[in-house]
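**Student:** Taking the hints into account, I'd like the entire structure generated from these sequences.
Residue-level listing of the chains:
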Amino acid sequence: MTKESSVLVYGTNLGGYRAAYGLCKKGHQVILLNRGSYVDEIRNQTLSQLPLDFCWMCGHFVQRKFKALGCVQDFYNSRLGEVSGEAGNFKVKFKTKPQTVNNFICTECDKCVEVCPVKVNGRKAIYIHPEIGWENIYLIDRENCTQCKKCEEVCPTGALKLDREEEEKEVNVGAIVLALEYNEPTDEELKDFGLGESPCVVKNSEIARNSLLTNFIQDSVQLPSRKIPENFSIIVTSHFNKSIKEYENYNLCVSAAYRGVKLKEILPQSNVTIFLKDYRGFGKKHFRWYQKALDAGVQVEKVDTLQVNPQKKEEVTIQYTKEGKNRNQSSELAILINGQKPPQTMDHLSKVCGVQSDEYGFCSTKPFSCCETNVDGIFGVGEFTGPKGNPETIWEGCGALTEITPYLGESNFKPSPPPSFRDIKGEGTKVGVFICNCFHTFEEKMDLNALKEAVNELPEVPHVEIIKGCCTPPTIKETAERIKQSGVNRVVLAVCTPIQKLLKFRKAVMMAGLNPLLSEFLRFREDVINVHKNKEEMLKKSLTLIKAGVAKVKKGSPEPTLKDKFTPQALVIGSGISGLTSSLEIAKRGFPVTLVEKGEAIQTKNKYFDDKQNQHLQELASEVENHSNITVYTNTTLKEMDGYAGNFSGTLLSGDKEIPVQAGVIVLATGAKEYKPEGFLYGEDRGVMTQTELQSGTEEKKAGNRVAMIQCVGSRNDRHPYCSRVCCNQALKNALNLKKQDKEVTIFYQDMTSYGKEDLYKEAQDAGVKFIRVKEKSYPEVKKKGNNLTVIAPGGEKKQFDTVVLSTGIVPDIQNNQNLSRILGHPLDKDGFFDSDVNVYPYEESIKRLFKPYEWATNCIYPVGLAHSPRSFEEALLTAKDVAGRAVILLGKKALPAPNAMYIAEVKESLCMGCGICVDVCPYSARTIDEQKKTAVVHPFLCDSCGTCVSACPNDASYLRDLKGDQTLASLDRLLIG
Amino acid sequence: MDPEFEPKIIGFLCNWCAYTGADLAGTSRMKMPPSIKVIRVMCSGRIDPLFVLRAFLRGADGIMMMGCHPGDCHYQKGNYNARRRYVMMQKMFETLNLDAERIGLWWVSASEASRYVKVTTEFNKRIEKKGPNPAQEEIFM
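The listed protein sequences derive, respectively, from chains A and B. At position 486 of the first sequence (counting the first as 1) the number is 493 in this note's numbering, and the numbers step up by one without a gap. At position 11 of the second sequence (counting the first as 1) the number is 1289 in this note's numbering, and the numbers step up by one without a gap.
Hints are supplied without guarantee of correctness; some may be wrong.
Once the Cα atoms are required to be at most 30 Å apart in a straight line, the calculated BS3-like pairs of lysine-lysine come out as [as the list claims (entries may be wrong)]:
| id | chain 1 | residue 1 | chain 2 | residue 2 |
| --- | --- | --- | --- | --- |
| 1 | A | LYS542 | B | LYS1408 |
| 2 | A | LYS941 | B | LYS1355 |
| 3 | B | LYS1396 | A | LYS540 |
| 4 | A | LYS234 | B | LYS1355 |
| 5 | B | LYS1315 | A | LYS118 |
| 6 | A | LYS475 | A | LYS540 |
Read the hints as simulated data drawn from the structure, not as lab findings. Bear in mind the structure is a predicted one, so any value in this text is a computation, not a measurement.
**Tutor:** This is the structure we're talking about:
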């Protein structure tokens, strides 16, 4: 039986999107089932937890890109039904109901709103979604709608239909990805914090949503009485919630710090206090945000219990206990940052497809896999399988790709090749102007015929025509036909928004056999029709705009689509767990991998792993050694590396021997080191040891009856200002083990950064482990007195112990990292780990980069595992799989067109003098200097056509293909002179 | 203030933030003065001082430059380049004895349609008060 090639994605979390996108790129059809009636109706974790104070547009382009890819079928209002069959050949039934207003063919003419007779709360019964203003999402207020169907009659494209029938569909797919969204605690469950009782208590996600269209400004936090509050408190509810267990992920504490900093930015005089139990900022750079908050003057109160008491008007009292004392603080606005609940859809899904939940209520996944569930061929990604942060969700999406493909048949989707362009040499310039009347809606607002006549009088325009539209499939075809018939070779389309519909317009031009570089799309509706009232003014302005557009296209030149070759090989540096995993995953998909290890042999045992993990490592190692696609070089280092993303070539140094190596992508899996403690009598007294030494269980390192543990040794100090992520959980596990042996355990800590589904911290507290908090950046002192070790806390408190265990952190291998960073030109972050595109989260500086995976703008060098930041075994595996997934998409391409195919910067060689300024300013390292010719070269593969190089060039040698300097100047002149 | 005077304002808008913001203003049907005419650039870092000077000498009464908010640039740091160039342009305008108040730089994100309308309306008022650009009549250099 042949395997199916399509994949069904149920739910719209970020991981699901990412997996769908990757599968499309690999040529598999994807069926996307959205449970809501429009794109973001059901919020995923990113939308709920990311403090969305900044514009979110780039994220929303994702959906449009899917459609542009052409191999995604999306269904709205859908619900998964029966699943039968087995992995590779599933038969899936689902119910779906099309959108009332099909936003794929809706032109946003607003006629439906105009004719609607019902008025409620200052809007009509049909209205545009107030929060998602950039997508044409029309909502219908079903309660107030009178079903007069006037809107249906007036809709020019037939996009609107009030009564849509629910349909039942059946599809055959090879695999199913469950990407269900996240559940926030309800208002009822947050009642202890006064939510719903007082107007002064709001959720952070609400603030974020409200400020979505305006950015975070003072109005975003104003009270119902329009007063701007001055006393703020930010509460991380998952630390204090008694009614339910809120699972805490990555973002919560850093969201609090971020919100505090932002409040201080917009209201410098205000008092901001953050209430939490411990600052659990274990992500990359999260402690830097904590410091930023403190520097900005935000108060951080680490308290034991907390309650919010609503007072009379517009005030709440925060009642809390700290160090055993009761305290009160009044506040005008309390912002709640809440955690996550297990998915509620779990029961339904277990019934229809048999996936099991784990003991916490999340979907269970197999050990050592990133998203395989207990049913073969069914995968769970993102917040559906546990509390996740954004980077993890994104990683899982791509990691899923490597795990799904074995269940799928040959790829079944090939996008149709772009039509060939007509050769326009020797034709002279013939510009055609096409004015859209948007299904006759523009005609009511201005005199299009007068405009047509005025344009007709321009000597440089031989052809002008009014078209009906250029955004629905039939009108695109018709427009293309008209362009073809008119015989023009340059096109100015006076249409509506090229932001949303650019691809459609381009398609029309390309279908007419013209190079899209010879066209210009004027924003006729947004710049003229919608924003002005006077018809005379409108006519004058649109004529000027058309003149400028004509001047621009006249200077355009038909340049060919570029392609760049791609070396389908990977180079993996380092043979730890992440290095081995990524090499194997890439090799299994049929690409040659060079694995370089500077040690004697590839790793088969790791002293930090437990037995199961070591066994997994061993299996991996033997599989790697026997795989025909993998070449292993031991005792080898990287000597030099040249080239750019997709085309690296360099040499390896093995002893004295030099080995040439080529690669399309480079995976950095160089690992990190354990911090070697200094002081604390470590190495001097045999009673002082590290957690790993304690775990090793040798006779010499046996714990006495009274054990002290000191956290954050080598982490969170001035030299290593980050959290090492693994040590708190390790310490708690060890403490629980010791407790079982009836030993007395005391933990000296700054913040207990335990995380994950299981709550070890609470378990340890219940088991009677003592916790003593010490001040930040200070450590207890260890002294020897007779047979006893004395630990003196910074407060002066003294205690006697037999054994002191130091929780040592992870530090980067600075020397090695710096060396590699120099050879590869890949930056290190401030802590000495390798920087990467996706995980420089939070926040501002990276939101665009968070979504870059969709857009392709990395340099093809991927740090994974500990080379990237401190992380646990599972997380290292996850990053390795993610990178393998990304690499597989790329390596499969062999030859890649530039991201925007033809919209890139180029260099006029005769003018270039090779000064190299453009190389310095290019944000994508897309430029190098050709040593022989002494001119700058653009790698079309990397260029994203920003044009920074163009304005930096002192000789005017650089230009953008679609926005050349003389094109801009020509249209500028026409705009001003007429 | 001449009631007949209709300013000519050129706006250089970056494709990803300001141009999209203007788009949203259009789709949301916010009314704004017709005087501003938009030239799209891919990034505010692409705004060449030459464009600004040329527009000014060709008779533009005011020039607006708009890009993404700092830290939010689609191309990571193009708007910082724009900011540096803007400072340089202001100095250049002063040196040439041109009116530096007729040029301005704003950060407008793709979602800030209302901000786009606000700044264009305000700038239009500023230019209306100032009257026609004298540089188009003076001959210098």
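**Student:** State for each hint whether it applies.
**Tutor:** Against the structure, the hints:
1. Our distance criterion of 30 Å between C-alpha atoms is met by LYS542(A) and LYS1408(B), whose separation comes to about 27 Å.
2. Taken as a hint, the LYS941(A) and LYS1355(B) pair is honoured in the structure, with Cα atoms around 27 Å apart against an allowance of 30 Å.
3. A distance of roughly 18 Å separates the Cα atoms of LYS1396(B) and LYS540(A); the hinted pair therefore holds under the 30 Å criterion.
4. The straight-line distance between the Cα atoms of LYS234(A) and LYS1355(B) is roughly 37 Å, outside the 30 Å bound, and the hint therefore fails.
5. Between LYS1315(B) and LYS118(A), the direct Cα distance comes to roughly 27 Å. Compliance with the 30 Å bound is thereby established for this hinted pair.
6. About 22 Å separates the Cα atoms of LYS475(A) and LYS540(A), which keeps this hinted pair within 30 Å; it holds.
Violated hint: 4 only; the structure is consistent with all others.
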